[in-house]
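Colleague: The chain contents come next:
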Amino acid sequence: MNYENLKLRTDENGITWVGIDVAGSNVNTMGTPVLDEFAALLDRFNKEPPTAVVFHSLKSSGFIAGANIQEFEAIGKTNDVVAAEKLIKRGYDLYERLAAVKYPTLALIKGFCMGGGLELAMACRYRVAVDEPGTRMGLPEVILGILPAWGGVKRLPQLLGAPAGFDLMLSGKTVDAKKAKKLGLVDEAVPPRIMGNTVAGVLKALPAPRQLGFVQNLMTNGLLRGYVASQAKKQVAKRARPEHYPAPYAIIDLWQKYNGDVHKPSATESCSMQALLSHSTAKNLIRVFSLREKLKAQAKGIDFKAKHVHVVGAGVMGGDIAAWCALRGITVTLQDLDASKIAPAIKRAADMYKKRLRDERRIRDAMDRLQPDITGDGAKTADVIIEAIVENLAVKQKVFAELEAKAKPGAVLATNTSSIPLEHIATALKDPSRLVGIHFFNPVAQMMLVEIISGAQTDADIARKATAFVDQIDKLPLACKSAPGFWVNRILAPYLTEAMRCLDEGITPETLDEAALRFGMPMGPVELADVVGLDVCAAVGQVVGGEEALKNFPKKLSAKLESNDLGKKTEKGFYVWVSGKPQKGTAGVVPAGLIERLITPMLNEANKALAEGVVTDSDLADAGAIFGCGFAPFTGGPFNYQRSLTTR
Amino acid sequence: MPSALREPIYVVDGARTPFLKARNAPGPFSASDLSVAAGRALLSRLPIEPTQFDEVILGCANPSPDEVNIGRYVAMRLGCGDKVTGWTVMRNCASGMQAIDSAINNMLAGRSKLVLAGGVDALSHAPLLYSKQMVLWFAALASAKTMGQKVGTLAKLSPTALLSPVIALMKGLTDPKVGLLMGQTAENIAFRFGITRSEMDAFAAESHKRVLAAQAAGSYKNEVIPLIDSKGNVYNDDDGARSDSTPEKLAKLKPFFDKKYGNVTAGNSSQITDGGVWLVLATKAAVEKHNLPVLGKIVDTQWAGCDPAQMGLGPVYASTPILKRNGLTLNDLDTIEINEAFAAQVLACKAAWEDEKFCKEELGLDGAMGSIDMNKLNVDGGAVALGHPVGASGARIVLHALNVLKRTGGKRALATICIGGGQGGAMLVEAA
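The listed protein sequences correspond, in order, to chains A and B. Going by my numbering, 116 is the number at position 116 of the first sequence; the sequence numbering is gapless. Going by my numbering, 276 is the number at position 276 of the second sequence; the sequence numbering is gapless.
The set of hints was computed from the structure by calculation and includes no laboratory data. No incorrect hints appear here.
In the DSS-like style, the derived pairs of lysine-lysine whose C-alpha atoms are separated by at most 25 Å in a straight line are:
1) A/307 <-> B/289
2) B/221 <-> A/380
3) B/289 <-> A/408
4) A/355 <-> A/341
5) A/305 <-> B/83
With the hints as constraints, model all of the structure from the sequences given.
Modeller: Below, the structure written as C-alpha cells:
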C-alpha cells in the first residue's frame, strides 16, 4: 500500500521508522485519512511483525499538533454528533490496538506534541523527548470543552500518577521535555545531538516500562482512587462551574467510572463525548479557538519584524509592555525621566521572568534585552515606538513631536492611550499618518488581546506593521476604529457603570461579583474595576458616556476617587487588597434579573459599536470581548450569546 | 625607545557604571553585569550596531570562574553576535589601559577598525579559596577507598583550616615576588620620599572633596550610567565619596598594612570597589565610514617596569619617556590623571619628579623633571574617593582625562597608572 501521510524506512539496526508527514499541511494533525493509514499500517505489521517501530515527525513544526480541529468544527456546525462519536471511537480503538502490539514501539517527540499526538505517543511502549525550546507536550482538549478521548484519560494517570495526570488534563497546560521526564511522561529527555543514539539504545536495552510507586499506585489504581477524584473535582469547582464547563468534570468521571474507556458511558451520561459535543460550550469553545487563529491570521503575510522596541513611560502599563516585549525576544529601551522611575518596572520584569522562564540564562538574556533609557536615545534606532505616559493631550503631543524628530524613517509611532482620540495627538506630527494606536490591557502579561487603533489619519501600512508586531509578541491583534473606548472599553464601560449604580443602590460588591461569576465571567465587575483602577474606569466611563456620564456620576465611585482609593494599585478600592488579593465577604442572595441588568447595557453597546463600524467583523469582535475583557468564553462572545438567546 | 603612534586612534565615546564600594558581601552586580549595563547604554547613544565591532577587548584582573574569558562573554551579552571576537587582558591595575592599548595595536596592524575596549572588576565578588591544607585533605578523602580509610580521613579534618579560607582578593593584592602587600609598597616609597601621614590624609580628604564637587556640578553625568538591579534598587552615582572624610577624621584611622606604626590607612588608600568602563575606539577611516562623533584621540602609549617593592612609582617611569618623546614637559599638560592607588603613592610620584638625584639616576634626565600643578592633577578626585575596581581604573582615567579636556577646553592630557608587580602605564591623549 502507498501511504500519503506516512513515510517508512528501515535503518541498519532493522528498526522501522514511521515518518509522519501529513499531506497538504504545515503541521501534522490526526485527521480521518491519517487514522486510516495508521490502521492499514498496523494491519501490515500484524502480518509481518517488525523488529521495532519508531514514530517520528518529518515536519519541522513539531510531532503532532493533535486531532484535526476542523473536522470537529465541521461536525459541530452540522450538529452531527454521531459522526463525531464515530471518529472519536475509531481513534480510541486504533490506539488500543497500537498499545497491544507485541513488537517494541517508541515515539520520538520533537516540537509540539498535543492532544491526539500525545495520546499516540502514550500508546507506544517508550517515549523519547528531544530537549529543545519548541518541545511541548500536553492534553489541551479541556480548553475546547471536550476530553482526551483517544485513551489519554486512561494512560496519562497511569504514567504520571493520577494527581499529576489530572493537573495536566484538567488545565490543558503543557510541559517541556525536562519536566516531562521528571513527571514520568517520557522515558528520556535528550538534546537533538544524541536523539538517534538514544532511540537505538532504548530499543536495544528494552527496559521494563516504568511502574508507579506504591502511593501513586494506590491513588491511581487502588483504594485512594475515589478520594483523588473527589479532590480533583473540588479543585475544578474553584475555577469552573459544571453548567458552564462540563468537560473537566466529565474527564474525572470518565476516569473514575470507566477508566477512560469512551465506549462505556451511555450517550446520555454527562461524561460521554456525545454529551460534551452536544453541549453548546464545546461548540462555542471550538469556535473561539478558530477565531483566535483568525485573529492571528490578520498578521499573515505582513513583512515586518521588530528588532528593537522603544517604550516611553515606565509606569505600570509602559513598564509591563516593555517587559513583555523583552520576554518575547525583542531588544527594548524603556524611557523615563530618571532611573528611579524605571526601577519598579525592572523589578516587576525580573519577578515575571523568574516565574515564567525559571532558567537562569534565559532570565539573564531577557534582562539584558530590557534596557533602562533615561536619555531617550533608544528612539533613534527603534522599529516600534510605544508611548505609554500620562493621559494628557498636551504632554502626549509634545512627546510625539520629539519622537517623530528622533525616529528613523518607517518606524511605527504608537500610542497606548485609552481615552484620547488619535487624531488629536496626531496634529503634533509633521506626518500624522505615522501614528497608530497599540492598545494593551492590564495586566499586560495575562491579557491576550491588543487593539490596533486606526485613526482617520492613520496610514494603512503602519496599521499593518502594528498588527504584525502584536502577533510577533504572541498577542492577539484586533483592528478597531478610533472611536471613544475603542472596542473593549466601549462595551466594558456601560457594564461597569451599571455595576457602580447597583453599588449606589446598596447591593454589595460581593453580590454583584457573584452574579457575574454565575453568568460565567472570570471576574466580577467590582473586582475588575478595582484591578483596572477606579481612576481609569472613571476616565473611560466619561470618554464612552460623554456628558451623560458626567451628569449622572456614580456616588460611591466619586467618593473613592476623592479619597484616592483607586483599587488594587493603592491596596484599597471597593475591596481592601492584601498582597494582591481582594478581601471578600460572603455574597448575599443574588436578586433575580441582576445579571441581565448588568449584561444588557453591554450587549446593547456592542450592537451599537458594530453598527458604527468600530469593529468590522462580529466574529473577531466576539473573540475580542473574550480575550480583552473576559466575556464568558463558553458563551462564544456577546454576538454569539445574543444569537443563542434568539434561537433558544 | 618606541616612537609615537603611527596614526592617532580616535576615542568615539565612553561610559562607565557608577563605582560601587564593596560592603562586606558580594555586590548587586557581577563583573559581566556591570560591563553589559554600561556597554548597552553607551551603544544606544552611538550610531553603531553592536555587530559592527571588529572585536571586544576587556581588561579584568579578578575574573570570576563563572565568567571565563569575560571579554567574549560580555560581547555576546551585548548582542555583538557570534562573529565579533572577544578577549580578556590582564595587567593587574592597568588591565583596562592594556585593553585600550591592545585595541590600538590591532588597529595599527590593520586587523581592526572599530573596537569596544574597557575594563571591569567586581572585587566584592572575589571568592574565598580553600587553603592548601584543605585541598590536600580533599585529595586524601577522594582517594580513600575503604570505609575505614574514609573515617580516618574525616577524623583528620582540621576545623581551623576549614574555617580559614584564603581571601582571593588579598592574594591579588600581594606581590608574589617580594611578598609585600600593595599597601606596604606604598609605605616603602612614602619612606623613600618622606611623605608624612598628614600629607597623605590631606590628599585623601581633597580627593573626596573633589569627587563630591564634581558630582554636584554634574561633571560625571555623561560618563556614569545609572544602574538598576533586579530588586528595583537604583545606583545613580559613585558611592565611595564621603563628605565626612576630613583630614581630622582620617587622622584617627589605624594603619592597615604595616600595623600599628605604619602610615598607610584604609582612609588614605583606594577603596575596594565594583565597576566597569568602556571606550569605543576607531581608526580615522572608521570614524569617517560610520560618521562617528569624536571625543578625542590617543596619541601615544608607554609601558615601563620598576622594582616591585616600589611599584607605586610606575607612573614616573612610564610618563617620563612618553613626555620626552613628544617634546613635552609636565607644564604642557592641561590635565593629569594619576590613578590614586594610595595617596602616598601619588605624592611620592610628585616628589620623585621634583627630586634631582632620582631623576638623574633613575630616569636618565639632566635634572629634576619638574613639579605637577596640583590644580591640574585628578581635578575631579580619584580612586581614594571613587574606588579602584582594579581592571577598570586604567580605562577610567583615560576616559575621564578626555572628558575633563572636553569640559575645560584643554588640549592635551596624560593618564597614568601604577601596576602591582612593579610596572607603570601611561597614555597621552588629545581633545578632538
